[in-house]
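Engineer: The residues making up each chain are set out below.
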Amino acid sequence: MNWGSAAEFFAMGGYALYVWGSFGVCALLMIAEPILVAKRRSNILQSLRRERLAETLDNHE
Amino acid sequence: MNAVLAVIRRDLLLAMRRKSEVFTALFFFVIVTSLFPLGLGPEPALLKKIAPGVIWVAALLATMLGLSRLFAPDHADGTLEQLALSPAPLGLLITGKIAAHWITTGLPLVLMAPVLGLQYDLDAGALGVMVAALLLGTPLLSLIGAIGAALTLGVRGGGVLISLLVLPLYVPALIFGAGAVEAHLSGLGAAGHLSLLAALLALAVFFAPWATTAALRIALE
Amino acid sequence: MNAVLAVIRRDLLLAMRRKSEVFTALFFFVIVTSLFPLGLGPEPALLKKIAPGVIWVAALLATMLGLSRLFAPDHADGTLEQLALSPAPLGLLITGKIAAHWITTGLPLVLMAPVLGLQYDLDAGALGVMVAALLLGTPLLSLIGAIGAALTLGVRGGGVLISLLVLPLYVPALIFGAGAVEAHLSGLGAAGHLSLLAALLALAVFFAPWATTAALRIALE
Amino acid sequence: MLTARHLACVRGERRLFSGLDFAVGAGQWLHVQGENGAGKTSLLRILAGLAPPAAGEILWHGEPIGRLGEDYRRELLFLGHHSAVKEELTPLENLLFAARLDECALSEAAALKALARFGLKGREALPVRFLSAGQKRRVLLARLAVRQARLWILDEPFTALDVKAVDMLSALIVEHVEGGGIAILTSHQTIPLPGGQVLKI
Amino acid sequence: MLTARHLACVRGERRLFSGLDFAVGAGQWLHVQGENGAGKTSLLRILAGLAPPAAGEILWHGEPIGRLGEDYRRELLFLGHHSAVKEELTPLENLLFAARLDECALSEAAALKALARFGLKGREALPVRFLSAGQKRRVLLARLAVRQARLWILDEPFTALDVKAVDMLSALIVEHVEGGGIAILTSHQTIPLPGGQVLKI
Amino acid sequence: MSNRLINWFRYASPQSFYPLAGKLIPWFWALAALFGLTGLYIAFFVAPTDFQQGEGYRIIFIHVPAAWMSMFIYLVMAFWAGLGLALNTRLSGMMAQALAPTGALMAFLSLWTGAFWGKPMWGTWWVWDARLTSALILFFLYIGFIALQAAIDDARRADRAGAILALVGVVNVPIIYFSVKWWNTLHQGASVSLTKAPTMAATMLWGMLIMALAFWMYSIAVALMRVRAIILEREAHTEWVKALPEVRGSTS
Ligand code: HEM
Ligand SMILES: Nc1ncnc2c1ncn2[C@@H]1O[C@H](COP(=O)(O)OP(=O)(O)OP(=O)(O)O)[C@@H](O)[C@H]1O
Ligand SMILES: Nc1ncnc2c1ncn2[C@@H]1O[C@H](COP(=O)(O)OP(=O)(O)OP(=O)(O)O)[C@@H](O)[C@H]1O
Ligand SMILES: [Mg+2]
Ligand SMILES: [Mg+2]
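Chains as they are written, first to last, in the working numbering: chain A, 7 to 67; chain B, -19 to 201; chain C, -19 to 201; chain D, 1210 to 1410; chain E, 1210 to 1410; chain F, -5 to 246.
No lab work stands behind these hints, which were simulated from the structure alone. Glycine included, C-beta positions come from ideal geometry on N, C-alpha and C. A hint or two may mislead.
Going by beta-carbon spacing under 10 Å, a handful of chain C positions derived as facing chain E [what the hints assert, rightly or not]:
1) VAL(-13)
2) ARG(-11)
3) LEU63
4) LEU181
DSSO-like, lysine-lysine: derived pairs with alpha carbons at most 30 Å apart [as the list claims (entries may be wrong)]:
5) E:LYS1409 to D:LYS1409
6) E:LYS1409 to D:LYS1345
7) E:LYS1330 to E:LYS1373
8) E:LYS1322 to E:LYS1373
9) D:LYS1345 to D:LYS1409
10) D:LYS1330 to F:LYS236
11) E:LYS1345 to E:LYS1330
12) B:LYS28 to C:LYS29
13) D:LYS1322 to D:LYS1345
14) E:LYS1373 to D:LYS1409
15) E:LYS1373 to D:LYS1345
16) B:LYS28 to F:LYS236
17) F:LYS236 to C:LYS29
18) B:LYS29 to F:LYS113
19) D:LYS1330 to D:LYS1345
20) F:LYS113 to A:LYS45
21) D:LYS1322 to E:LYS1409
22) E:LYS1409 to E:LYS1330
23) D:LYS1409 to E:LYS1330
24) B:LYS29 to C:LYS28
25) E:LYS1409 to E:LYS1373
26) B:LYS29 to C:LYS29
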């Protein structure tokens, strides 16, 4: 175990900006990417469902 | 006024529709600034010295690249005719087109420049001056460029001819723009250069749309 | 073979007819290399140091400028369809077009470069190396550029997209080309760089027309 | 009332026509006829004020159009071979933009209706680039159904259109003319319209 | 003998046609008909081998055109909306280049004669850019009089032509077909030609 | 045709690949999380402080995996692209398209973390070192690929144009790498160069490898997710997509 306290951990021996700047951006992007992809998927699913609905309505007319 | 907004909106929409349009002008800027070190060698001291010049030349070229497409597509497909036939005054509509051009090409450059400055090892103060200079300078580039674009319209081989017409006119912007950063780096203060740039910009805002419109009318005949 | 010659002849004729075409690529080259002293200030030692890099970057940009018009007009007016329908193999005709492109843009740069080198105070030996490097390098630029031009054909906003695709691929040519002159200046001898350039050129002569033709066929569908 | 007096047009060193006189009043239409290269397109562009005539003058209600400027342009709708249809935009976007440029209010619903009338239903959201030759023309012509203009100047409006579209367009022109409008057309096909002056150049 | 078997064409997500079967033999001509956007241009491009069909195959004398390659292209003349006419070059230069590309010998005198036949006398040395819409089409069509090809595929050859030119072109096509050639045309106007199969899509 | 080959072709069709990918994705996410957490634990709590670089060196645990993945993904992308061009299978192009953004992300991360490492170590955000420069150019190649595909709206055309670009790029990447390297070593600039990586302690190496595995699993998971979205977009009008339970949804 390298760290005496949480504060020490976050200070990263004076390299906090650099270490957390890297890890932070990395985490951010790696969380954002799957969310964006999931959103893309839900968008297309939604429009597909809407089309389907329109089709069934057309058929009922 | 409504018509002007329509022109701006449509041009932005077209830029978005062509998707790559905005980003490629930007990436061209990025790539050209990255090419210079490859041609020149990786010495930080040398690179720092040429940074303002390189960034300005790259901004100038990036703006210039898109110029031939400022009016040419509109000329080819008759939009320009329709603009001239619109009840709204042509000069105003053209100003709208120039504004849209700046938003899609100039503004992204201004926003990207600090990152490139870092690559060339510039400090925060110099970066600030550079951004200020670009903020004044890129609209100037769009305004002057529009004149060149209008003059070469319908002239075959116009795409390359533009650069010939426009680059000499860009020289003052280049000198004051790059000069501002250099003056700051050498401790002289950039205020003088920046206010000269601002004066040029004010001048161009008055005269460039007028000259552009006149040139366009000639092309339309 | 006859058809290839016809393609080359016609492209040269078109370049002449558009008059400005040849000269403007050349003038662009001249103007960019002359902008640097303006952006950087007149320090002879600094200028000499950056000369090979600046000249190569300028050559590269000058070649790139005309690329979007390598196939686009032929695509728009149906010439490309007719080339594909010609009994002669398309790959050969395309090689002809690339050759014509080099003759109209690359060759004039090679011929002009020594004069610009003088501006930057290069000596005769360095000028010789530079011409040799450009003679090997500019066809390489045309060949690689043709791939980019073909890929972006019919793609809206293609003109600027080309630079994004092509500039990264130009890096080796730039490094060895500018490197040759620098190596000569620093007394190391340019033979190594030049032979690498020649090797790259040989590679490109084989593969680039093939890739270009494949890309054009996609655009035609 | 559009009046032309002693119009002449010179292209290069070739005199295409000269001493052309005619007048078209409200509720009338003019069919400009001539061989290929006779100068029909050139004449229409001159009438629209896009190019100056080599000699003569054009009057709108007795006033030279150059002096009228905006007032003339507001009454005019000129459609040439490619009038401002952007290949990247959809038919709907093109139509809406044209309306805004003309400074006439057009709701999206009205635009959709106009497009449907021109047989573009289902293609409202497809970039024009993908459309067929005839469909492209229809996008252009849809402006006729939308814009309120007294004077229509149409250069070969019937090209590339199929039979149904030709009929529909003719009906539209008849309606315009009967409503007191003026139309000036060129066409190599016989125009299925009643009445109409003929101008041969 | 050109045979199409079960051809289908899909553009975007739209199926334009499918299951198209026809055969055109020597001395016959085919009129492809259909509304705007039906897929005529798409069909002609497929027949010329410029685009692959979504399904089906095209045979030339019983062999798939893909396999024939050069041998098919040598027999084929395809003229679309803008086929390789350079605006900067003169009609004469355009025609000479087209001939060289087709690998057929054409003397300058013969080229001039062909142009004159198409009513371009006096315009041989004027850049095409200055020509009128109809004159541009004529430059393109002059290739018909020059090139020896068995199969003509022409997309709306009559657009923009005046009455005289339409007659002249029709005569040329009749001559070609009667000489054992094959022609495939589209046109929205009625074609003033005798005989001919009709294909509706 | 042998049975194996038929099977292979079966999965090469988007229709059968779509559910398969759906089943695989959770597993890759689980593996990514597992390796990621282990890797982070090693990175922050097991690996000792570096005697030269202090705590700053811990960036290595994401920097190197990102750099590796950025190069590896390009190869995989080019492989799929080439396959698509040669065999004309629909899925290959979609795979290439799905991989590109993740590859670009990795390239960006290697640049970003490298810069954040370089500042404390060398005192500057950037030097024109061979490895850095070629990483930058690789990033440009990704952007070019993505921009080209985005600019072409016909999907099949975009696939094939992209494939040609990817193949041209894959020939060029080694050429670029060596040319940059040669350029740089010939010059010997004034800057610090990182030709010699610090000889690594075993725990560091392990941490790095495990993080690399985590990145790998992450890339696969995201690429599979994206390829599923792409399949839905492109095959939107086929019967099988309309019959999917997620499309029929709760409305029926
Ligand atoms: C923007 C800056 C940087 C970029 C773009 C970058 C890029 C790369 C790349 C592409 C690799 C993988 C190379 C390979 O495996 O062959 C790599 C590995 C590595 N980098 Fe960086 N780097 C940067 C900054 C740094 C800095 C500042 C350091 C440390 C002082 C560093 C240390 C390392 C180490 C130790 C490796 C692993 C070497 C190996 O496994 O062989 N990098 N970097
Ligand atoms: N620079 C020039 N020198 C000589 N003649 C020219 C020049 N520019 C144009 N022309 C001629 O002017 C005429 C232009 O005619 P215009 O386009 O108005 O014809 P049009 O009646 O519309 O024909 P079409 O029915 O073919 O559309 C053409 O005959 C063309 O050859
Ligand atoms: N990406 C796409 N998505 C949907 N439809 C498309 C797409 N691309 C083309 N189309 C449609 O395909 C058809 C193309 O038709 P084509 O150009 O072959 O028509 P045509 O029969 O020649 O018509 P015209 O008589 O107008 O020349 C058009 O209906 C067009 O709307
Ligand atoms: Mg006309
Ligand atoms: Mg058609």
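Engineer: Is the hinted pair LYS29 of chain B and LYS113 of chain F satisfied, with a Cα-Cα distance of at most 30 Å?
Structural biologist: 20 Å, holds
Engineer: Does the alpha-carbon distance linking LYS1330 of chain D and LYS1345 of chain D stay inside the 30 Å limit?
Structural biologist: 13 Å, holds
Engineer: For a C-alpha distance cap of 30 Å, please report whether LYS1330 of chain E and LYS1373 of chain E respect it.
Structural biologist: At roughly 15 Å apart (the allowed maximum being 30 Å), LYS1373 of chain E and LYS1330 of chain E satisfy the hint.
Engineer: With the threshold set at 30 Å, check whether the alpha-carbon distance from LYS1345 of chain E to LYS1330 of chain E stays at or below it.
Structural biologist: 13 Å, holds
Engineer: Would the hint linking LYS1409 of chain E and LYS1409 of chain D be met if the CA-CA limit is 30 Å?
Structural biologist: Measuring from Cα to Cα gives roughly 37 Å; hence the hint is violated.
Engineer: Would the stated hint for VAL(-13) of chain C survive a check requiring a Cβ distance to chain E of less than 10 Å?
Structural biologist: 7 Å, holds
Engineer: Straight-line Cα separation of LYS236 of chain F and LYS29 of chain C no greater than 30 Å?
Structural biologist: Since the Cα atoms of LYS236 of chain F and LYS29 of chain C sit roughly 65 Å apart, the hinted pair is violated (cutoff 30 Å).
Engineer: Tell me if the straight-line CA distance from LYS28 of chain B to LYS236 of chain F falls inside 30 Å.
Structural biologist: 59 Å, violated
Engineer: Measure nothing beyond the straight line between the CA atoms of LYS1373 of chain E and LYS1345 of chain D; if it is 30 Å or shorter, mark the hint as holding.
Structural biologist: 27 Å, holds
Engineer: CA of LYS29 of chain B to CA of LYS29 of chain C, is that 30 Å or under?
Structural biologist: Answer holds: LYS29 of chain B to LYS29 of chain C is near 12 Å, not above 30 Å.
Engineer: Just to be careful, I want the Cα atoms of LYS1409 of chain E and LYS1345 of chain D compared with a cutoff of 30 Å; is the pair within it?
Structural biologist: 21 Å, holds
Engineer: Quick one, are LYS1409 of chain E and LYS1373 of chain E close enough, alpha carbons at most 30 Å?
Structural biologist: At roughly 28 Å apart (the allowed maximum being 30 Å), LYS1373 of chain E and LYS1409 of chain E satisfy the hint.
Of the numbered hints given earlier, the model fails hints 4, 5, 16, 17, 20, 22; all others are met.
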